[in-house]
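**Q** Once you have looked at the hints, place chain B on chain A.
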Amino acid sequence: SQTIHQWPATLVQPVGSPLSLECTVEGTSNPNLYWYRQAAGRGLQLLFYSVGIGQISSEVPQNLSASRPQDRQFILSSKKLLLSDSGFYLCAWSTLGGGNTGELFFGEGSRLTVL
Amino acid sequence: QKEVEQNSGPLSVPEGAIASLNCTYSDRGSQSFFWYRQYSGKSPELIMSIYSNGDKEDGRFTAQLNKASQYVSLLIRDSQPSDSATYLCAVENQGGKLIFGQGTELSVKP
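Just so you know, the protein sequences line up as chains A and B, in that order.
At position 70 of the first sequence (counting the first as 1) the number is 85 in the working numbering, and the numbers step up by one without a gap.
At position 26 of the second sequence (counting the first as 1) the number is 151 in the working numbering, and the numbers step up by one without a gap.
The hints are simulated quantities; they were obtained by calculation from the structure and are not laboratory data.
Be aware that a few hints might be false.
Stated by the list, open to error - Just so you have them, the derived chain B footprint on chain A, three or more residues with Cβ under 8 angstroms:
(1) 58 to 66
(2) 84 to 92
Said to hold, decoys possible - Derived DEER-like restraints, expressed as beta-carbon distance ranges:
(3) A:Leu-111 x B:Asn-178: 36 to 42 angstroms
(4) A:Lys-94 x B:Ser-145: 43 to 49 angstroms
(5) A:Gly-42 x B:Pro-235: 36 to 42 angstroms
(6) A:Gly-117 x B:Lys-167: 17 to 23 angstroms
(7) B:Ala-142 x A:Arg-126: 31 to 37 angstroms
(8) A:Gly-67 x B:Pro-139: 48 to 54 angstroms
What the hints assert, rightly or not - Taking lysine-lysine pairs in the BS3-like style, the calculated list, with each CA pair at most 30 angstroms apart, reads:
(9) B:Lys-222 x B:Lys-234
(10) B:Lys-181 x B:Lys-192
(11) A:Lys-95 x B:Lys-167
(12) B:Lys-192 x B:Lys-127
(13) A:Lys-94 x B:Lys-181
(14) B:Lys-222 x B:Lys-127
(15) B:Lys-181 x B:Lys-234
(16) B:Lys-192 x A:Lys-94
(17) A:Lys-95 x B:Lys-181
(18) B:Lys-167 x B:Lys-222
(19) B:Lys-181 x B:Lys-127
(20) B:Lys-234 x B:Lys-167
Backbone N, C-alpha and C define an ideal beta-carbon position, used for all residues, glycine too.
So here's chain A without its partners, still in its complex pose (with noise of 0.2 angstroms):
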């Protein structure tokens, strides 16, 4: 069966830091892997989408890039935080193909605090 982890769970950065959350899934090949962000008291937004290694598009412009190193492994990174990028950060995978995203399956997700 497929699984889905990242990590960490939990962390707490002062702003100006510097992030890296990693995610991979097992199980299949080939999926297609998403980040999210919940805001506290707010829907879920994508952030980067990405259908194959070193593919990745972006949904919403800021100081937040992900990376595709290996087909099960999707890295969300930012080299200088801020305050506003506090957050429950999820990843999650499916594997609908034609551009579609169909079933999503998320991770734990990751709470990230800016101070």
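**A** Same frame as chain A, but now just chain B:
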């Protein structure tokens, strides 16, 4: 107009009652619709998907879709305290992107 709208709640129902959660969407070309359950502090969990007009039942859950009215709902029969969570409606738009509503908080009182 938001792409996907839900009443934020909280919706409070007594144990054993039917909970009705509603969602409207703006992209008339949307074809895929999903309900996720999110417990406090946890990640969303897919509970239902629906693609055709009408009802789809899975255990105590029934999803209802009316594309003409751009409306999708989730009914939870025999509600249990363990159903207390935020329910997220998600709609795949014509561009293939999954758009989430802000969620409806459900509280089931024993």
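**Q** Hints first: check each against the structure and report whether it holds.
**A** These are the hints, each one checked on the structure:
1. Interface restraint, the region 58 to 66 of chain A with chain B: holds (3 residues with C-beta to C-beta distance below 8 angstroms; minimum three).
2. Only residues whose C-beta sits within less than 8 angstroms of a C-beta in chain B count toward coverage, and the region 84 to 92 of chain A has 0 of them, not enough to reach three; the restraint is violated.
3. A C-beta distance of roughly 21 angstroms is found between Leu-111 of chain A and Asn-178 of chain B, which places it outside the suggested range of 36 to 42 angstroms.
4. Distance hint check for Lys-94 of chain A and Ser-145 of chain B: the Cβ-Cβ separation is about 46 angstroms, which falls inside the suggested range of 43 to 49 angstroms.
5. For Gly-42 of chain A paired with Pro-235 of chain B, a C-beta distance near 38 angstroms keeps the hint of 36 to 42 angstroms intact.
6. For the hinted restraint 17 to 23 angstroms between Gly-117 of chain A and Lys-167 of chain B, the CB-CB distance of approximately 22 angstroms keeps it satisfied.
7. Look at Ala-142 of chain B against Arg-126 of chain A: about 33 angstroms separates their beta carbons, and that is inside 31 to 37 angstroms.
8. Range check, Gly-67 of chain A to Pro-139 of chain B: about 49 angstroms between beta-carbon atoms, so the 48 to 54 angstroms window is met.
9. Distance restraint check for Lys-222 of chain B and Lys-234 of chain B: the Cα-Cα separation of roughly 36 angstroms exceeds the 30 angstroms cut-off, and the hinted pair is therefore not satisfied.
10. Between Lys-181 of chain B and Lys-192 of chain B the CA atoms are separated by roughly 14 angstroms; this keeps the pair inside 30 angstroms, and the hint holds.
11. Taking the CA atoms of Lys-95 of chain A and Lys-167 of chain B, the gap is about 26 angstroms. The hint holds against a cut of 30 angstroms.
12. In summary, the hint linking Lys-192 of chain B to Lys-127 of chain B is supported, as the alpha carbons are separated by about 17 angstroms, within the 30 angstroms threshold.
13. For the proposed pair Lys-94 of chain A and Lys-181 of chain B, the alpha carbon gap of about 46 angstroms is over 30 angstroms, so the pair is violated.
14. In summary, the hint linking Lys-222 of chain B to Lys-127 of chain B is supported, as the alpha carbons are separated by about 15 angstroms, within the 30 angstroms threshold.
15. About 26 angstroms separates the Cα atoms of Lys-181 of chain B and Lys-234 of chain B, which keeps this hinted pair within 30 angstroms; it holds.
16. Taken as a hint, the Lys-192 of chain B and Lys-94 of chain A pair is broken in the structure, with Cα atoms around 44 angstroms apart against an allowance of 30 angstroms.
17. Taken as a hint, the Lys-95 of chain A and Lys-181 of chain B pair is broken in the structure, with Cα atoms around 46 angstroms apart against an allowance of 30 angstroms.
18. Proximity of Lys-167 of chain B to Lys-222 of chain B is assessed by CA-CA distance (about 23 angstroms); at most 30 angstroms being required, the pair is judged to hold.
19. Between Lys-181 of chain B and Lys-127 of chain B the alpha-carbon distance is near 26 angstroms, which keeps this suggested pair within the 30 angstroms criterion.
20. For a cut-off of 30 angstroms, the pair hint linking Lys-234 of chain B to Lys-167 of chain B stands: about 21 angstroms separates their Cα positions.
In summary, the numbered hints that this structure violates are 2, 3, 9, 13, 16, 17.
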